[in-house]
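Residues per chain, in single letters:
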Amino acid sequence: MIIAIGREFGSGGHEIAELIANRLQIFLIDDKLLYDLSSEKKIPYEELKKYDERPKVPFLSRTVAGYTNAMEEHLAKMQFDYLRKMAEGGESFVIVGRCAEHVLKDFPCLTSAFISGNKDTKCKRVMEKYKLSAEEAKKLMKKKDSTRKAYHNYYCEGKWGDSRNYDLCLNSSQIGVEGAADVILSYVERKQKN
Amino acid sequence: MTQQVISIAIFVIMFGVIISEKIERHIVSLAAGFLMLVIVLGICMKSPEAIWNTLNFKEFVTPSFWYAKTEGAGSSVGINWATIVFILGMMIMVEGMGRAGFFRWLCLTMAKAVRYKALPLFLVFMVTSFVLAMFIDSITVILFLAAVTVELAEVLHFSPVPMILAEIFCANLGGSATMCGDPPNIIIGTSLGYTFGEFLQNTGAIAGISLVFVIAYFFFRFRKELTKGAEVNASTYPEPSSAIQNKKDFAISCVIFGCAVVLLVTHAMTGLTVATIGTFIAALTLLTSLKAAPMLLKKVDYKTLLFFVGLFVVVGGLEQTGVLNIIADFIHQICGNHSYVMVAVILWVSAIASAFVDNIPFAATMIPVIQSLAATTGMDLSVLSWTLACSTDIGGSATPIGASANVVGVSIAAQNGHMIGWGRYCKTMLPVTIITMLISMLCIFLRYL
Numbered sequence: 000m001i002i003a004i005g006r007e008f009g010s011g012g013h014e015i016a017e018l019i020a021n022r023l024q025i026f027l028i029d030d031k032l033l034y035d036l037s038s039e040k041k042i043p044y045e046e047l048k049k050y051d052e053r054p055k056v057p058f059l060s061r062t063v064a065g066y067t068n069a070m071e072e073h074l075a076k077m078q079f080d081y082l083r084k085m086a087e088g089g090e091s092f093v094i095v096g097r098c099a100e101h102v103l104k105d106f107p108c109l110t111s112a113f114i115s116g117n118k119d120t121k122c123k124r125v126m127e128k129y130k131l132s133a134e135e136a137k138k139l140m141k142k143k144d145s146t147r148k149a150y151h152n153y154y155c156e157g158k159w160g161d162s163r164n165y166d167l168c169l170n171s172s173q174i175g176v177e178g179a180a181d182v183i184l185s186y187v188e189r190k191q192k193n
Numbered sequence: 000m001t002q003q004v005i006s007i008a009i010f011v012i013m014f015g016v017i018i019s020e021k022i023e024r025h026i027v028s029l030a031a032g033f034l035m036l037v038i039v040l041g042i043c044m045k046s047p048e049a050i051w052n053t054l055n056f057k058e059f060v061t062p063s064f065w066y067a068k069t070e071g072a073g074s075s076v077g078i079n080w081a082t083i084v085f086i087l088g089m090m091i092m093v094e095g096m097g098r099a100g101f102f103r104w105l106c107l108t109m110a111k112a113v114r115y116k117a118l119p120l121f122l123v124f125m126v127t128s129f130v131l132a133m134f135i136d137s138i139t140v141i142l143f144l145a146a147v148t149v150e151l152a153e154v155l156h157f158s159p160v161p162m163i164l165a166e167i168f169c170a171n172l173g174g175s176a177t178m179c180g181d182p183p184n185i186i187i188g189t190s191l192g193y194t195f196g197e198f199l200q201n202t203g204a205i206a207g208i209s210l211v212f213v214i215a216y217f218f219f220r221f222r223k224e225l226t227k228g229a230e231v232n233a234s235t236y237p238e239p240s241s242a243i244q245n246k247k248d249f250a251i252s253c254v255i256f257g258c259a260v261v262l263l264v265t266h267a268m269t270g271l272t273v274a275t276i277g278t279f280i281a282a283l284t285l286l287t288s289l290k291a292a293p294m295l296l297k298k299v300d301y302k303t304l305l306f307f308v309g310l311f312v313v314v315g316g317l318e319q320t321g322v323l324n325i326i327a328d329f330i331h332q333i334c335g336n337h338s339y340v341m342v343a344v345i346l347w348v349s350a351i352a353s354a355f356v357d358n359i360p361f362a363a364t365m366i367p368v369i370q371s372l373a374a375t376t377g378m379d380l381s382v383l384s385w386t387l388a389c390s391t392d393i394g395g396s397a398t399p400i401g402a403s404a405n406v407v408g409v410s411i412a413a414q415n416g417h418m419i420g421w422g423r424y425c426k427t428m429l430p431v432t433i434i435t436m437l438i439s440m441l442c443i444f445l446r447y448l
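Chains as they are written, first to last, in numbering that gives the first Met the number 0: chain C, 0 to 193; chain L, 0 to 448.
Since the hints were made in silico from the structure, they are not lab data.
Keep in mind that the hints are not guaranteed to be accurate.
As the list claims (entries may be wrong) - Computed list of lysine to any residue pairs in SDA-like fashion (alpha-carbon distance at most 25 Å, straight line): (1) L/K302 <-> L/T364; (2) C/K41 <-> L/C425; (3) C/K48 <-> L/N415; (4) L/K21 <-> C/W159; (5) C/K143 <-> L/E20; (6) C/K41 <-> L/N415; (7) L/K116 <-> L/V211; (8) C/K158 <-> L/I22; (9) C/K190 <-> C/R22.
Stated by the list, open to error - Rough simulated footprint, nothing fancy, chain L against chain C, three-plus residues with beta-carbon under 8 Å: (10) 32 to 45; (11) 53 to 60; (12) 68 to 78.
Note that the coordinates shown come from a computational prediction; the quantities given were computed from them, not determined experimentally.
Glycine included, every Cβ here is placed at the ideal spot set by N, Cα and C.
Bound conformation, chain L alone (with noise of 0.2 Å):
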């Protein structure tokens, strides 16, 4: 009992500390861990064994860390180490991709594919943010694509805000289509042991038929603000060709985002691990840029892996003093044996809690709240595993808050003399992630119940 209520108090104290920002998030969760390992699994539990399993560091010696059939070795108990390296790699990888220029010549070759026109450029820039957030993180895709709408809007002579906020929705949205798009769906990924390919054949199927909708609520919402453009000088019109600053590291960067492509959709098939294929992709990167690795390796956001650390931690004690089965128990209480209940309260509670705080911490903890209720209720793990990252991944665009996107995006738009309150935001998201939640959770209704 002492032990469950200093590991909810470490908890709910972290939590509150991270979301009050006067201490970097990472110094917090890895305090937090620290004294998680001290005072609750050391002097509390008295076992040398808890705190060895949350370190979880036998991990990288366990052959299926590198090569398995399936990923099914996976453990979520303690530190996901799968989760820190394959981040750590794509982080070197989405680095090199931008200094090459990668990401500003896509967007820019979008542009000149629609002739620069705003209506259609807003299409192309949504299924753009949409499609690239399926493999790399939603900050780096909307760092992008935002300069871009900004510089092109000023061409054009277009507001840039609606365009920002619908490849903000769309970025979020192209997250929880894949294994790799949003940390949530990496951490449930390699806890619980599935596939690039079931993710997309399941969250990823969910995100396509939202995407539908969220087109055509973001086209009739601004439809008329961009059409309504001024003459422009064609000339004025920014060249794709000007982004790439050295065509030998732009076509490398492109083999090797080619690569990690390929590698993370055949992955099941090859038995190549997501931190397998997160190491090979970083030392490739590495190796074909031996000037710039210094460089690379200097700009890795460093704290957010540390962040990442103290967090499996602290959660690992959650699940070590059977907190998390508590609250699996609890939700069981209210559910009873009615799925569809459970995976509405999942759905709406995870989406309400992501718009509001962190959906990396929020995420982790779930994962074996909802391997305890699959165990007690008999109900399938994976139905609640996309319940959990489709609610995660897409609830957290309601507020300016509840993604890291979002803030990014917000922040590039205001920086440019476009302020984005809370509620000229919400009055546009809000609704948007409703609708994209009833549609989540009308498929798995439909599907899977």
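Isolated chain C (complex conformation) (with noise of 0.2 Å):
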């Protein structure tokens, strides 16, 4: 079972996923994914964290007979086939963000679903989570969701948060984290009868 969460910040979609993986007890992969290429690589975490979800920066990068000096791009490629390896390997995990509902929709066993929230619960997510003024807070959901939204549509053939490339969209304001925890399990409870 694999279940891929997409979401805005300041959603909650990180906090719905951990919720999730503990209540079907298998992997949440987030910052576990960098540990795990960090050590298998033998590169510091901090370098990966600096390209981690990013897109590469036009003007900056340049492609040449296949070749990128894109960093943000090799490491999006190492994250993809790590999360194919994973699947192909039969795993149960739970995977925020990076492109994974693209990246693993051969699989049969995923499930997808896309976290948005009401701009006004977002903003007061991230004032309490990050010590921000509304301001502060309003201007990096802006910035966070423009950097996810680049990267992830420079990967996948469909756009970030279109419904057609999700199983389920959400709004995480109107049933709260642990609604939408429930709905998708719920959903993946009846695709597995199905």
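Got two chains here, separate frames each, mind docking them using the hints?
And the structure:
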């Protein structure tokens, strides 16, 4: 069983993924992915973190005969290979972001969900979590979402957050983090029965 | 005036779209070339003659295209077919050599010769990179050298990053030493009629002097990192013979490469043009490996050749509309008749531009500019040519995107878990690029002015 969660910044997507992983007693792959790659490839974690879930910077990167100098792209490919390897090995896990709904789309055991939220609720969550003012939180949300969108849309055929690319699209502001986790879990359960 | 504005707009948009990488660069340059022919030369200038001159098909039936005592018949107007035919021929030859295991064998032989010791290997691979890049495109040189470097670094327990960076720099420097080392040099040589020997005596001498300083720079910068390798089991060393898949193919590829080098070095004496040498080398490679011929032809990088075609048309359009003369006049106004200032301006502007944009379109655009400058100021065209060649070839080393070899080297390192971002790259490469540019400037000042 693989559950891929895409999310807007501040929507609680990570908490939802954590909750699902705990309830199902399976791995949550988020930062773990970077730690695993760091020890496998012997690259410092901080160095990988710099390029994680970021689009390559236009005008600062170039591609020649299929080779690129964009470290963001190299890390993304390492992560996609890692996810495919995990899936091929029959592992069950919850993965947050990393274009997983696209990278693992050929695995029938995949359930994908996109978590969005109302601006005010997301802003409140970001303010609390990062101890920011409302203005700073809004700025950060805008920046993070635009980075995630650009990263996703560079590697995937479908657009970030487009309902056609996910099994479920949920607004966490309406049903809360627990509610969203419940909906996803019940969907997975029904899917397995079918 | 209208045609000039439109041709500049086409050129600028083409450059912008190429840099953005939204569309493959050969499609962009061909589309821009088509627009230049139809809108600027056809509709605005109403000149079928200008279109015909830009397409330059007549070059193929000109005897001097195939045989000339010098390359003097070269022309900078329109498509430079000699460059395209020569690069095509070299691509086929290099593909054949790679298939036979030549490059891997050479790298491993060098490693064995220095008994797989990290520091001597570092120095030998720098020189190997420099020498190979004098005759073969830098992408191929780095593709093989960096791959072997990563492999040896695993076995010998050292970081391959310093070595890959040094190889990249030396490949770009070696490319500047000869007429066939880097595409800008081929274009400059065929357009302005210089020979292999003339390049070697001029840009080659500058590159040779620079190499001494470059080796010293990398040695002192990384010697501590490369001398602290751990104990290694000698049985794990890769053997050069393991690189050779087929001894017959290997021997043939060595002979063909030798022929190419001899023909290039002697072409001023034999009268064979680079187009003839390219055609001959390609034919020889294909005829000696008939079974593999379709595969060799399939592996040719046609996209790059098409990119060149489109690019030459666009630059030809700029030239026909007089835009490049305006640029030349502008440089003349800034520099006056001070040859030192002119050389310095061309050198540093070209080097900085090449560090951020593809040096091929830049050099192609600058050739008519320096021709015009030489005509109006009376300055020796060859001095401006060597200045342009050195600056576009070496300036590209400064950033990870400045030259193809940089991108390939950095990418191979990253694929093997060695991330080289802009900061790490520039920290090492920017100072050595500046040092080399200063040496080049000094050499040009002292020798020619």
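How the hints compare with the structure:
1. L/K302 <-> L/T364: OK: L/K302 and L/T364 at ~20 Å, within 25 Å.
2. C/K41 <-> L/C425: Holds, at about 22 Å.
3. C/K48 <-> L/N415: 17 Å, holds
4. L/K21 <-> C/W159: 19 Å, holds
5. C/K143 <-> L/E20: The given pair, whose Cα atoms are some 23 Å apart, holds under the 25 Å limit.
6. C/K41 <-> L/N415: Holds: C/K41 and L/N415 sit about 10 Å apart, inside 25 Å.
7. L/K116 <-> L/V211: 21 Å, holds
8. C/K158 <-> L/I22: Answer holds: C/K158 to L/I22 is near 19 Å, not above 25 Å.
9. C/K190 <-> C/R22: It holds: about 17 Å lies between the C-alpha atoms, which stays within 25 Å.
10. 32 to 45: It holds: at least three residues are needed, and the region 32 to 45 of chain C offers 3 whose Cβ sits within less than 8 Å of chain L.
11. 53 to 60: Since 4 is at least three, the answer is holds.
12. 68 to 78: n = 4 at 8 Å, threshold three: holds.
The structure agrees with every numbered hint stated previously.
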